[in-house]
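J.: Given the sequences, and given the hints that come with them, work out the whole structure.
To convert, note that position 123 of the sequence shown is 123 in the working numbering; the numbers rise steadily by one, no gaps.
One or more hints might be untrue.
As the list claims (entries may be wrong) - Only pairs whose alpha carbons sit at most 25 Å apart, straight line, appear in this in silico DSS-like list of lysine-lysine:
#, residue 1, residue 2
1, Lys331, Lys466
2, Lys440, Lys331
3, Lys52, Lys295
4, Lys455, Lys295
Unchecked claim - Label pairs and their calculated CB-CB ranges:
#, residue 1, residue 2, range
5, Asp32, Ser76, 15 to 25 Å
6, Thr251, Asn114, 40 to 50 Å
7, Thr164, Lys26, 20 to 30 Å
8, Asp203, Lys440, 53 to 63 Å
9, Pro120, Lys342, 36 to 46 Å
Hints listed in this document are in silico derivations from the structure and should not be mistaken for laboratory results.
As the structure is a prediction and not an experimental result, all values here were calculated from the model.
By construction, the Cβ of each residue, glycine as well, lies at the ideal position given by its N, Cα and C atoms.
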Amino acid sequence: MKHIKLIFPLVITTLLLSSCNIGTVKVEGEIDSREINANMGLIDVPHTGNPKMLVIPVDFYDAPASTSLHNYQITSNIETAFFGSENDNYWESVSSYYSKSSYGKLNIEGVVANSWYRAPQSTSYYTALATNSSVKAVTDNLAYEAVKWYHEENPDVDLSQFDTDKDGYIDAVWLVYSKSYNNNSDLWWAFTTWNNDEESKVDNLKVGGYSWASYEFLRYDSFTRKPDAHTFIHETGHLLGLDDYYDADSTGKNPTGGLTMMDCNIGDIDSFSKYLLGWIKPTVANSGQSVYSLKPFESSGDALIIPIDYSDNPYGEYLILEYYTPTGLNKQDALTAYKTNKKQMYTQNGLIMYHVDNRLGKLSYRPGLGTSWNKKYYTNITSYRSNLYIYIPVNSNTPSSSYAVDTTQKLIGLIGADDTSFRAAENRTTYADNSFLFQKGDTFNASKFQTNSLKDIPFGFEVSDKTDNEIIITLK
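T.: Structure follows, in structure tokens:
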């Protein structure tokens, strides 16, 4: 699904010109990924705790919910998809998924409006408007008007309950629209973006991040008649600040092989993303220990980092290893292919390895000259931004979102057991399958791989043993 970011140069210009007294925002303690994302105009849902979403169903006079959706108990089903239990859904609700994926660190709460917000214009009007202006301009306005409507319809509801971190933004807004989605439309699809208009306030709160998707994405399971929240779970990952790991430029490249939530909408969230969100603290391989044991990642959060250009935070170049099992959040999508894209999780146990290059770049803006990157990489910083610069990740899996000189250099790539090159693996055009998993006896020869930083990989490894309960990795 789409993830509409602000254009980096515009973000920098806004920061510098509208925040003349911003000063230097220093790093206190560990680097906070929410602060890094704020440099790109993203206002993340809090990564831990009990953030609260406002979910508003939206319909149109030429696509009314009462007729276009066959009079099902729609708002009740939306409530179930977002905040119900595992047993009430085909798979998981948004809330139950993130509680499990975060090992109980993130427990999303929220409210679904008990009636539909009727948009003031028809779907054809908005289609034409999106063509003449922009999709984001259309949905920014709809998000603001929908929140304003909710406040007017519910004057006794204190909107500040939806700002749990007290940053002046509603934690997250979800707009579930009644019209059928269209694969060929940028507007009538599913995406996440951010309304950064400082004037768009409701009850002194700004809208910030919001997601937009058709009710039809819930796609009832034909046997159980239970809603399927896969798409809504993926888009909520964007609200947390996670990027798409497929190539959104539609070049046919599959850097992470498809089989993870922020790629093809299936399974659990990968170890890199959980590290970024602060849900896990991986073990870092070192010369003083040669044997490491990893328990199943979906239940334990165990992960091993082989450092390359690394400073004990997610913003470096490194390998990250996890023990995959078709259990827990992976089980449903390992048993049955996801209906929307026919992709299926790995059906066997095995070791997954990702190559991550999440190093930061320092971007500056000079009037008349625009935005520039000094072509240097940073794995540790003492400040996030000032009047003169911001730090953001240089690489992306989508070339048009990357600042790298060589856009074949990716943010995260799946390295299979048979791969011999990071660059080739991360620019594959095929999807992953069980053969990509490292099994007992498989080895990783570090000397065959050239890193982006041109630094040596300190260790290779062998998978020396594997049971259902653990996998043993011996450094070489």
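J.: Is the straight-line distance between the alpha-carbon of Lys440 and that of Lys331 25 Å or less?
T.: holds (22 Å)
J.: Should the hint that Thr251 and Asn114 are 40 to 50 Å apart at their CB atoms be regarded as holding?
T.: Holds, since Thr251 and Asn114 (Cβ atoms, about 44 Å apart) stay within the stated range.
J.: Take the C-alpha atoms of Lys52 and Lys295, compute the straight-line distance between them, and say whether it is at most 25 Å.
T.: violated (32 Å)
J.: Are the Cα positions of Lys455 and Lys295 separated by 25 Å at most?
T.: Not OK: Lys455 and Lys295 at ~29 Å, beyond 25 Å, violated.
J.: Between Thr164 and Lys26, does the beta-carbon spacing fit 20 to 30 Å?
T.: holds (24 Å)
J.: Per the hint of 36 to 46 Å, is the separation of the Cβ atoms of Pro120 and Lys342 within bounds?
T.: Between Pro120 and Lys342, where Cβ atoms are some 38 Å apart, the hint holds.
J.: Between Asp203 and Lys440, does the beta-carbon spacing fit 53 to 63 Å?
T.: holds (59 Å)
J.: For the pair supplied as a hint, Lys331 and Lys466, is the alpha-carbon distance within the 25 Å limit?
T.: Holds, at roughly 19 Å.
J.: Given a hint of 15 to 25 Å, does the C-beta separation of Asp32 and Ser76 actually sit inside it?
T.: Since Asp32 and Ser76 have Cβ atoms about 38 Å apart, the given range 15 to 25 Å is violated.
The structure is inconsistent with the numbered hints 3, 4, 5, although it conforms to all the rest.
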